[in-house]
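These protein sequences, in sequence, are chains A and B.
Take 6 as the starting number for the first sequence in my numbering and just add one per residue.
Take 6 as the starting number for the second sequence in my numbering and just add one per residue.
Some hints here could point you the wrong way.
Chain copies aren't distinguished; within one or between two, either way the pair holds.
List of simulated lysine-lysine pairs, DSSO-like, C-alpha gap at most 30 angstroms [to be verified]:
| id | residue 1 | residue 2 |
| --- | --- | --- |
| 1 | K255 | K301 |
| 2 | K123 | K281 |
| 3 | K301 | K9 |
| 4 | K177 | K281 |
| 5 | K229 | K199 |
| 6 | K229 | K152 |
| 7 | K209 | K123 |
| 8 | K255 | K281 |
| 9 | K281 | K229 |
These aren't lab readings, by the way, just hints derived from the structure by calculation.
Chain residues, written in single-letter form:
Number of protein chains: 2
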Amino acid sequence: MISKQAIAEWFRGLQDRICRGLEELDGTGRFAEDQWTRPEGGGGRSRVIEGAVIEKGGVNFSAVHGPMPERIHQALGLPPSDFFATGVSIVLHPRSPMVPIIHMNVRYFETQSHSGTKNTWWFGGGIDLTPHYIVQEDARRFHLRLKDVCDSHHPEWYARFKKWADDYFFLKHRNETRGVGGIFFDRLNEAEGKSKAEIFDFVKNVGEAFVPAYAEQVAAGLPKTYGQRELEWQALRRSRYVEFNLLWDKGTRFGLDTDGRTESILMSMPPLAKWKYNHSPEPGSPEAETQELLRKGIEWV
Amino acid sequence: MISKQAIAEWFRGLQDRICRGLEELDGTGRFAEDQWTRPEGGGGRSRVIEGAVIEKGGVNFSAVHGPMPERIHQALGLPPSDFFATGVSIVLHPRSPMVPIIHMNVRYFETQSHSGTKNTWWFGGGIDLTPHYIVQEDARRFHLRLKDVCDSHHPEWYARFKKWADDYFFLKHRNETRGVGGIFFDRLNEAEGKSKAEIFDFVKNVGEAFVPAYAEQVAAGLPKTYGQRELEWQALRRSRYVEFNLLWDKGTRFGLDTDGRTESILMSMPPLAKWKYNHSPEPGSPEAETQELLRKGIEWV
């Protein structure tokens, strides 16, 4: 059986590889690191970049453990337990409004009940893309990459995890998706008919797909020119990103509820965001076109 | 017994008076109104101003009713019920960083259980002040006004509601208060040893205190000069305001959970906000001085 230490070790290495890859992609930005420990157990390494391409980006590794807060073990339908959680979390806000925001999270979770009767483990994760301006061909390319990763492990995972992402990365109060989605999965374990090693392999492939998938998006968007209008729209789209993360994102909530390091959890916030009361883009404009594509169930592939 | 219709009517009039008062205070801005109805019952009038003093401000009146969502009646410890809620909600974001953000809410809530066995009513509300730069004398003046209102109704209310505000307007994940506080109260009913009319009178006085209390703060801050540095700090403080409202504010959560009108609920969002990773103000600076005062338990009066 693969140990939690081995999984955490692999995630730590993934953070290193992703940071190197993103520095290369950015050209000039360099990650700065903060190491932190959590009073109740564990800690992590938060890395932040401000570069030429990436205006504000965070790549966080953590491995934390301790008693599980009551509201969490109840929400999970588990008896009073200790937990161990490790993973890598990323959000990148690019300077150019023509380049999408991207997010990835891969994680492993283990619980040990205090009575010793019920222990559980699972993997979870997801990648999703939030273009300020949706380009259907780029969305398709992104989904094709994720489909390739999924297909090499299970014929039904892409369809299932794509739908899961549509449902998860959804702003209920706006009735709109966060972007063009991607994949999302949670609580993957033996019940999938796969071994722990096999599921871990899948999660590894998701993690390793991150840099090439984003590099492609950057390559497509970066050459495009933009002006004040596009920057304004970017600031408005970023405020939707804030709303999703603070209102709906379970990872943010879990982090805050388990007294995680606030600055590491909120690394996902954009550098600047704007709210305009009751704003809606001019009919027929590129902004309106994007708005119309922010809905569930679009098959990009 | 005062009817819910009479209470709603009074709140509607309060909105009118406050809007007139704020237009006068602003000098050039005029409120624009959106009337809306809620599919499940009721509706409201949202009014928004963009002016010379107030960069983005919202004054919302609503009177809504319908079946109470399950998670809400459970959280309130009530049987399955219909609810009626009416009130006025205000958040004002001034242009000048030397003028504080202000918030007020006054509300009335009534429930009728489906079995007819348990009906309840209560008033709630609060005013709190969020200076970008805390000036102790101005905070004191603000609290004195609120203390006057409370003292004329109950000798212990100011102390109790001031503490309640410290606890409520608190960013747990930052271990800091939203500003210099004010008063907060909820579920006030006969259990206070006061009649419904008496409690309503108190709520009326709170509502009427809003414009003069803010006018005083504007008068104190408006003559002060500021530059890029202060605007930068304002944008950072505004992002804390966003965090509070989306992560902790029960009114926002209630509004979204009962499918309220999103644009009216999120009128409280600032026009622009910035997040900087792990920012902390220079020791000894005015910003650091404000940061140090963002804690519970300061007796401003």
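Hint check, failures only: Hints 2, 3, 5 not satisfied by this model.
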